[in-house]
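Letter by letter, the chains look like this.
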Amino acid sequence: MTDITHVSRREALGLLGALGAFTLGVRLRPAAAAEGAAAGGEVALFVSIRPDGRTLLTSHRSEMGQHVWTAMAQIIADELEADWAQVEVVQAPGDAKYGDQNTDGSRSVRRNLDRLRRVGAAMRAMLRQAAATRWGVDVEACVAKNHAVAHPKSKRRLGYGELAEEAAKLTVPAEPALKARAEWRYIGKPVASVTVPTVVRGGGSYGADVRLPGMLYAVVARPPRLYAPLRGVDDGAAKAVPGVVRTVRLPTLEAPPRFAAVGGVAVVARDTWAALRGRDALKLDWGPGPNAEYDSARFLEAMQKTAAEPGTVRRSRGDAEGALKVAAKQVEAEYHVPHLAHASMEPPAAVARWSGDRVECWACVQAPQSARKAVAEACGVPLDRVTINVTWLGGGFGRKSKPDFVVEAARVARAAGAPVKVQWTREDDLHHDYFHTVSVQRLTGGLAADGRCVAWRHRTVFPPIGSTFTAGNTTPSWGELRMGCTDVPFAVPNLRVESGEAKAHVRIGWLRSVANIYHAFAVQSFAAELAAAANRDPKDYLLELIGPPRHVDPRGEGAEYDNYGDSLDEYPIDTGRLAAVVKQAASRARWGRALPPGHGLGIAAHRSFLSYVATVVEVAWDSATKRLSIPGVWSVMDAGTVVNPGSARSQLEGGTLFGLSNALYGAITARRGVVQQRNFPDFRLMRMDEAPRVVEVHVVESDAPPGGVGEPPTPPAAPALCNAIFAATGKRVRHLPVFRDGNPNRLEV
Amino acid sequence: MATTLYVNGAHHQVDADPETPLLWVLRDHLGLTGTKYGCGVAQCGACTVHVDGSPRRSCVTPLRRVEGAAVTTIEGAEGRIAEALRAAWIDLQVPQCGFCQAGQLMSAVALLKAVPKPDDADIDRGMNGNLCRCATYTRIRAAIHQAARAVK
Numbered sequence: 001m002t003d004i005t006h007v008s009r010r011e012a013l014g015l016l017g018a019l020g021a022f023t024l025g026v027r028l029r030p031a032a033a034a035e036g037a038a039a040g041g042e043v044a045l046f047v048s049i050r051p052d053g054r055t056l057l058t059s060h061r062s063e064m065g066q067h068v069w070t071a072m073a074q075i076i077a078d079e080l081e082a083d084w085a086q087v088e089v090v091q092a093p094g095d096a097k098y099g100d101q102n103t104d105g106s107r108s109v110r111r112n113l114d115r116l117r118r119v120g121a122a123m124r125a126m127l128r129q130a131a132a133t134r135w136g137v138d139v140e141a142c143v144a145k146n147h148a149v150a151h152p153k154s155k156r157r158l159g160y161g162e163l164a165e166e167a168a169k170l171t172v173p174a175e176p177a178l179k180a181r182a183e184w185r186y187i188g189k190p191v192a193s194v195t196v197p198t199v200v201r202g203g204g205s206y207g208a209d210v211r212l213p214g215m216l217y218a219v220v221a222r223p224p225r226l227y228a229p230l231r232g233v234d235d236g237a238a239k240a241v242p243g244v245v246r247t248v249r250l251p252t253l254e255a256p257p258r259f260a261a262v263g264g265v266a267v268v269a270r271d272t273w274a275a276l277r278g279r280d281a282l283k284l285d286w287g288p289g290p291n292a293e294y295d296s297a298r299f300l301e302a303m304q305k306t307a308a309e310p311g312t313v314r315r316s317r318g319d320a321e322g323a324l325k326v327a328a329k330q331v332e333a334e335y336h337v338p339h340l341a342h343a344s345m346e347p348p349a350a351v352a353r354w355s356g357d358r359v360e361c362w363a364c365v366q367a368p369q370s371a372r373k374a375v376a377e378a379c380g381v382p383l384d385r386v387t388i389n390v391t392w393l394g395g396g397f398g399r400k401s402k403p404d405f406v407v408e409a410a411r412v413a414r415a416a417g418a419p420v421k422v423q424w425t426r427e428d429d430l431h432h433d434y435f436h437t438v439s440v441q442r443l444t445g446g447l448a449a450d451g452r453c454v455a456w457r458h459r460t461v462f463p464p465i466g467s468t469f470t471a472g473n474t475t476p477s478w479g480e481l482r483m484g485c486t487d488v489p490f491a492v493p494n495l496r497v498e499s500g501e502a503k504a505h506v507r508i509g510w511l512r513s514v515a516n517i518y519h520a521f522a523v524q525s526f527a528a529e530l531a532a533a534a535n536r537d538p539k540d541y542l543l544e545l546i547g548p549p550r551h552v553d554p555r556g557e558g559a560e561y562d563n564y565g566d567s568l569d570e571y572p573i574d575t576g577r578l579a580a581v582v583k584q585a586a587s588r589a590r591w592g593r594a595l596p597p598g599h600g601l602g603i604a605a606h607r608s609f610l611s612y613v614a615t616v617v618e619v620a621w622d623s624a625t626k627r628l629s630i631p632g633v634w635s636v637m638d639a640g641t642v643v644n645p646g647s648a649r650s651q652l653e654g655g656t657l658f659g660l661s662n663a664l665y666g667a668i669t670a671r672r673g674v675v676q677q678r679n680f681p682d683f684r685l686m687r688m689d690e691a692p693r694v695v696e697v698h699v700v701e702s703d704a705p706p707g708g709v710g711e712p713p714t715p716p717a718a719p720a721l722c723n724a725i726f727a728a729t730g731k732r733v734r735h736l737p738v739f740r741d742g743n744p745n746r747l748e749v
Numbered sequence: 001m002a003t004t005l006y007v008n009g010a011h012h013q014v015d016a017d018p019e020t021p022l023l024w025v026l027r028d029h030l031g032l033t034g035t036k037y038g039c040g041v042a043q044c045g046a047c048t049v050h051v052d053g054s055p056r057r058s059c060v061t062p063l064r065r066v067e068g069a070a071v072t073t074i075e076g077a078e079g080r081i082a083e084a085l086r087a088a089w090i091d092l093q094v095p096q097c098g099f100c101q102a103g104q105l106m107s108a109v110a111l112l113k114a115v116p117k118p119d120d121a122d123i124d125r126g127m128n129g130n131l132c133r134c135a136t137y138t139r140i141r142a143a144i145h146q147a148a149r150a151v152k
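Going line by line, the protein sequences match chains L and E. Residues 1 to 749 (the numbering used here) make up the first sequence, in order. Residues 1 to 152 (the numbering used here) make up the second sequence, in order.
Chain E extracted, bound-state conformation:
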């Protein structure tokens, strides 16, 4: 049965089980592979996307729940906050293997939208759901502070 999805500003017809997690719809059906699978149980944050502007773990979000909603993935993340974060990520050379970084960035965008000038405790709360086995946490924290200063 076909479901209509609105992703990164474009409409898509998806023929998949409505219970299919959004993650696999994005990756397998739409070819948007920037959103990563890391655990499937909302514990690592690698699959983080925005649904109507709020961060969601796409691995536990069924397709039927996002019909008619606006989904944004790392490929479609734009605007001053997203670009300031990307610039800080590059400037501070945050990523190592990079696999978790799409999810990290999507969580960071949501954090700065909610809290434009986060302190360290805000960053802990906003980013605690995103694991990084390379342990780039120190640089992620510094890059969020730097991006927050840059956005003004």
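Chain L extracted, bound-state conformation:
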């Protein structure tokens, strides 16, 4: 339970500057013990009204392009009946008192809609009461609207600022009356983002933009392979570079990686350029370490062997093995998605400043409490000596919930005895990412004589994220499997899901939509392969696989299933909603229309983070030039109640193209343990001329509880693309990316 309460000056000190006359906060349950919560029951999530009416509120989630500042403000301002022009957002630092601050898992709105509405509603009720008391009238005769309370009968009116001091003396209502949905004025409306006017003038502060007096600049030479030991350092030439101040040796990482720094040598200088030149001049002798034999091409073969053999059964219905044996037709296919890098446009950067045994950091982090704990552990200081200020994030996509770069800044700043910014280069970012894992999946389907799918067997093999937290962990977790594999919603009588073991050779992390990326790619590609084998239309066949409207519960069939942390009662796996987005996307793309020669349509649909997305991709393949392009994309998302349909549409556009970009070009490979991609020429991202000219998206209007928005758009993109390529060319792409080795958008068929 949340608990709304008054906030004293002391409690909000520093965060909201000059505290307003009337401030409420919410006591939150501290985040999970793993986040190192020390404080409990402290007040957080302040909303403060100043005497001039200006209203400040905290966002405890990180702003990284999803426009969460705007969403938080919309929710509070709506129930508060605030004037949008008077609302300002302040970023909260990392502190357990804010509850869960980890800005991933597409749950900022999901987890906060109700509690933020209640804060706004409580303040509105108190402001009304304050006005009624001052006027000596019945509170029911007073109307709170647009930052003022009015008494229509006597035509009196007082602004919120004028009422703030009196409202602050009232008791906070335990159960404030919430507005009816029909009365919402900001929630559910495409309110313009509060950050964009600043962005277009080059304002705002991202991680790398923080500047402190006396600050030095550092870059780090990190091990070429994970865990490679540093045997010798010759930093003479580096120190001779003008502007270089000193070097700092960082301890070699030991397994498991967690959020510690990977080790190496930092070069500290008067500006970034001197630090870079100093790093180039370092002579470092690295030992081979345990990953010197890692070769991604050979490792792929090993994973393929694993996927060819029976694995551990993770969900089972009926008798899939028996049904496969007697099926009229058996179809089998193997899919591969390579390691991917997050490659946010802003590479990691962090600033740290020590004062005695206290350290204050500024960083582009998604999970400031994780950063706080990691810095405290690495530097051997208590948690309360560490402050993490959250800047804007120039993209996150999961990378910036791993605060290894903040640990580096804290360590280097302490050794340097000055404030230090650690700047990652793009090469650093691509070499030392917490990579999206590599996977091989083998799917086997059995068709009856009439083409119906009667058996579905899915084997998935991938080094798990758990390897980042437990040394030697090779077993896919239930949390990864339920992202598109064990939660497969198909109405197939015989179903079997198996997982295989795989060892990690790099740091593995979560990337936008996580395991849904490869699971949806395999499942939705294979659905189209079955349709082809049954000689059926892929959209019709997909709907047949999804089956009649019903609620699917994998728990009855041997799977552990946590439904993204929410109950299946509130958020069922609803095949009716999944089928509905398939039909809408098909209709918007005019599925079945006559296409020019060389064009093809592909469709895919997926439920993730409690939301439903279907995507249709149109590709065009020119048989003379072999050039493949994407003229159009149509995407439909049902994310339940949506606070800002404008930014939800942005996420649907961007998340879909993010998925297409990865599918077309994305691959991180390694030889002798060393990542082969250095910079954007090698790790390609979609560019303007490669982006579809037509991107039509639709967000379904729904009263259902809010689902995720940032991640669900990505999973259907890759299979819809490859299904379209098959429709256009007859070539089935089962191993991603579509274009390899710098092949300039040409596809050999």
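It is worth saying that the hints were derived from the structure and are not from the lab. Just so you know, even glycine gets a beta-carbon here, dropped at the ideal spot from N, CA and C. You may find that some hints are simply not true.
Chain L residues, not near chain E, derived (Cβ > 10 Å throughout) [what the hints assert, rightly or not]:
hint, residue
1, A168
2, T195
3, G396
4, K583
5, R590
6, D741
Residues on chain E that point at chain L, a partial pick, calculated with CB under 10 Å [said to hold, decoys possible]:
hint, residue
7, A16
8, A77
9, G98
10, N128
11, I140
Place chain E on chain L using the hints.
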């Protein structure tokens, strides 16, 4: 050794290695952090500025090459074209994370100066050097068309 720079209409004395890329001079020495580092090898366009009116990747432009030239960054971009583009960027809610958008806008200003009424192929050519991981390309294209109409 001091180099004289002319940035956004003001003169600055900069004490830095003449080989230092303009990007780091702007960011570290002058505190103009609107110009972003994204790759350092002229592949992403986040660092795009104007030198004597032409778009340049400041991450590969040495300080010595811009002595005496007029440098314009996102903070100093002004005029009808820049403001029309900003208005369109806001109207169409182009930015997501916003990190690449200074570079996108600087490339778009240069494009509209060279081609006042660009077609889609012109936009491809003018904007292809600017990456966006949030993939706001569709809205960037629409906003450039809208700004071009607004400038007249």
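Results of checking the hints against the structure:
1. A168: 36 Å, holds
2. T195: 7 Å, violated
3. G396: For G396/L, whose nearest Cβ neighbour in chain E is about 8 Å away, the distance does not exceed 10 Å, so it is violated.
4. K583: 24 Å, holds
5. R590: 19 Å, holds
6. D741: 17 Å, holds
7. A16: Since the shortest Cβ distance to chain L is 7 Å, the answer is holds.
8. A77: 8 Å, holds
9. G98: 4 Å, holds
10. N128: Holds. Min distance 5 Å.
11. I140: 7 Å, holds
Checked against the numbered hints given earlier, this structure breaks hints 2, 3; the rest are met.
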